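Asks: These protein sequence lines map, in sequence, to chains A and B.
Reading the first sequence from the start, the letters are residues 1 to 110 in the numbering used here.
Reading the second sequence from the start, the letters are residues 111 to 224 in the numbering used here.
Hints listed in this document are in silico derivations from the structure and should not be mistaken for laboratory results.
Only a predicted model underlies this, so the values are computations on that prediction, with no experimental measurement involved.
Heads up, a few of these hints could be off.
What the hints assert, rightly or not - Straight line, CA to CA, 30 Å or less: simulated DSS-like cross-link-like pairs of lysine-lysine:
id, chain 1, residue 1, chain 2, residue 2
1, B, Lys152, A, Lys62
2, A, Lys78, A, Lys11
3, B, Lys166, B, Lys112
4, B, Lys166, B, Lys177
5, A, Lys62, B, Lys177
6, B, Lys152, B, Lys112
7, B, Lys166, B, Lys152
8, A, Lys11, A, Lys62
9, B, Lys177, B, Lys112
10, A, Lys11, B, Lys152
11, B, Lys166, A, Lys78
12, A, Lys78, B, Lys112
13, A, Lys62, A, Lys78
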Amino acid sequence: DARVTQTPRHKVTEMGQEVTMRCQPILGHNTVFWYRQTMMQGLELLAYFRNRAPLDDSGMPKDRFSAEMPDATLATLKIQPSEPRDSAVYFCASGGTEAFFGQGTRLTVV
Amino acid sequence: QKEVEQNSGPLSVPEGAIASLNCTYSDRGSQSFFWYRQYSGKSPELIMSIYSNGDKEDGRFTAQLNKASQYVSLLIRDSQPSDSATYLCAVARRVRGSARQLTFGSGTQLTVLP
Numbered sequence: 001d002a003r004v005t006q007t008p009r010h011k012v013t014e015m016g017q018e019v020t021m022r023c024q025p026i027l028g029h030n031t032v033f034w035y036r037q038t039m040m041q042g043l044e045l046l047a048y049f050r051n052r053a054p055l056d057d058s059g060m061p062k063d064r065f066s067a068e069m070p071d072a073t074l075a076t077l078k079i080q081p082s083e084p085r086d087s088a089v090y091f092c093a094s095g096g097t098e099a100f101f102g103q104g105t106r107l108t109v110v
Numbered sequence: 111q112k113e114v115e116q117n118s119g120p121l122s123v124p125e126g127a128i129a130s131l132n133c134t135y136s137d138r139g140s141q142s143f144f145w146y147r148q149y150s151g152k153s154p155e156l157i158m159s160i161y162s163n164g165d166k167e168d169g170r171f172t173a174q175l176n177k178a179s180q181y182v183s184l185l186i187r188d189s190q191p192s193d194s195a196t197y198l199c200a201v202a203r204r205v206r207g208s209a210r211q212l213t214f215g216s217g218t219q220l221t222v223l224p
């Protein structure tokens, strides 16, 4: 059963701490997206990769967010330092022609 | 102007009726169009893809695309209470080589009343 796997599913952290979210894309998918979802903003595209190369990260706050894809089976999204306004659900999606979502990481920064 | 716009609703229809969901997009270079369904607390699930003008049917779902009007719609026939969810319209446009950026609308919340 091919699916996108995200860890952790839930994360509660204190303001100022580093947060790392991980994503294992579906094998063979060459595009990986990171989205953030909040009630106010909906699904916002943060960054995406094609064949592990970053194509666009203009949706991310550059001073605190970073996204990498160290190999074809792992994509990471880091926030350092985290702030309460970063509280949201973070989704990873992978695809070729169509994109499929992971279960998301629900982040709460207190 | 948002790249992808949807009526946020909420939209309520009685069980057995046709639910009609609409979406407009701003970039004429957009090439691929998708509808996702998202239940509360869950991740978006792809339910329909459409790439050329006209209608595409899959079971109770019909997607319609009109590129000249920059308009995409989703019809759900014989709506069921289990169809109650938020429906997200997504549009892909080519950005570099064969890479495509996928942008979402804000979603339409649908409630099917028993």
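Asks: The structure should be examined with respect to each hint, and the outcome stated for every one.
Replies: Hint check results:
| no. | hint | in the structure |
| --- | --- | --- |
| 1 | B:Lys152 x A:Lys62 | holds, 28 Å |
| 2 | A:Lys78 x A:Lys11 | holds, 13 Å |
| 3 | B:Lys166 x B:Lys112 | holds, 26 Å |
| 4 | B:Lys166 x B:Lys177 | holds, 14 Å |
| 5 | A:Lys62 x B:Lys177 | violated, 35 Å |
| 6 | B:Lys152 x B:Lys112 | holds, 25 Å |
| 7 | B:Lys166 x B:Lys152 | holds, 26 Å |
| 8 | A:Lys11 x A:Lys62 | holds, 21 Å |
| 9 | B:Lys177 x B:Lys112 | holds, 17 Å |
| 10 | A:Lys11 x B:Lys152 | holds, 16 Å |
| 11 | B:Lys166 x A:Lys78 | violated, 40 Å |
| 12 | A:Lys78 x B:Lys112 | holds, 27 Å |
| 13 | A:Lys62 x A:Lys78 | holds, 11 Å |
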